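Participant: Spelled out from the first residue to the last, the chains are:
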Amino acid sequence: DVKVTQSSRYLVKRTGEKVFLECVQDMDHENMFWYRQDPGLGLRLIYFSYDVKMKEKGDIPEGYSVSREKKERFSLILESASTNQTSMYLCASSSHTASSYNSPLHFGNGTRLTVT
Amino acid sequence: GENVEQHPSTLSVQEGDSAVIKCTYSDSASNYFPWYKQELGKRPQLIIDIRSNVGEKKDQRIAVTLNKTAKHFSLHITETQPEDSAVYFCAASETNYGKLTFGQGTILTVHP
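Sequence order for the protein chains is A and B.
Using my numbering, the letters of the first sequence map in sequence onto residues 1 to 116.
Using my numbering, the letters of the second sequence map in sequence onto residues 1 to 112.
One chain only, chain B, in its complex shape (with noise of 0.2 Å):
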């Protein structure tokens, strides 16, 4: 099955920098790569995602870019904002069907 690992853990920026959060997978019929928010007590939601015939995607201030041939995607925040503060998880998926493997998570810490 699939495998996905993401770093940092942890991640502490300051207010205006940027952040980077990286994450590898393993089987390469995946073709579905979302990322989701998760702020403190609440529920995980879907902040952007790609797709594989697609390199790139920017929506305002964040933006995904995946690399096929080496398996990995990453999640970049530019301008960084305290309400940024959140667990940001990634996750990868080779079917139709929503089955979604996520990586373990980062906390992205914003410091004002």
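Isolated chain A (complex conformation) (with noise of 0.2 Å):
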């Protein structure tokens, strides 16, 4: 079974603080994705990488940047945090195919992030 983790469930930071929020995927998988969830909003895609050291803007980059060294790894910065970037924060994976078709995403438990 695919295990996505992210690192903290629960994060609290205060306006200004350089924040990381870690995500390791142990099923060798090529593409991993940084997703935020708002009520009403649904899942909207911040920053995403289909390789090592590749990454991609997604819909809402502004404020976030990644970081991928190791394919198990991603990571998302928030460089300096501010109060609307409070939010829950999705990571996701998913194998590439060789087809035109995706293969599903798998995501980790979601870290809730408060900045204050």
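Worth double-checking, as some hints may not be accurate.
As a list, the in silico DSSO-like pairs of lysine-lysine whose alpha-carbon atoms are at most 30 Å apart [unchecked claim]:
(1) Lys58(B) with Lys57(A)
(2) Lys55(A) with Lys37(B)
(3) Lys3(A) with Lys37(B)
(4) Lys42(B) with Lys13(A)
(5) Lys42(B) with Lys55(A)
(6) Lys37(B) with Lys71(A)
(7) Lys3(A) with Lys71(B)
Not the full set, but computed from the structure, chain A residues with beta-carbon under 10 Å of chain B [stated by the list, open to error]:
(8) Val4
(9) Arg44
(10) Tyr64
Covered stretches of chain B, going by a simulated chain A footprint (3 or more residues, C-beta under 8 Å) [claimed, not checked]:
(11) 43-56
(12) 103-110
Hints were generated in silico from the structure; no laboratory data involved.
Model, not experiment: these values are computed from the prediction.
Cβ coordinates follow ideal geometry from the N, Cα and C atoms, glycine included.
Dock chain one against chain two, each of which comes alone in its own frame, and use the hints as you go.
Facilitator: Right under this line is the structure:
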């Protein structure tokens, strides 16, 4: 069974702090993703990566950056946390397919970040 | 980019009734349409998906239909049970890198 592990379940940070959210997957998946989940807005893609050291902006990348130095680990960085970044952050992974169709996303349990 | 609209935002049914959730998408190149269920406090989990070369897919009490011409797809749950209560998300993708665009979510409540 695929396991996607996020390092923290709950996190409280102060405005202006640099915040690191860590995600590790154990299935040798090529693709990894960071989404944020807000009520009424669904899941919105922040960044994704389809290979080591590769990254692509999603729909809402402003205020975030990412790092993928190893295949199994994908980090989300909030350079200077702000109150509007208070949210649930979900990491996910999937395998890359040779066909034009996708393989399913496997999600972590999420990190609920509060910025005060 | 892709835009996915999902309706209704909340749905309340009696146990045993059917529930239908509808989604529309904007990018005609999208070819993969999964549905995720998220129970309270848990991670989203895939419950069913459909690819663009198929019009309908069924798995026990759940089914998904796809109309590519109209660019909409729907989730149907029959004989609902209280354990079906959750948030349901539709999504669409046009690439093979797994990048999904999600709808806003539907809170389904099944009353015993």
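Participant: Quick check: which numbered hints come out false for this structure?
Facilitator: Hints 1, 7 and 10 not satisfied by this model.
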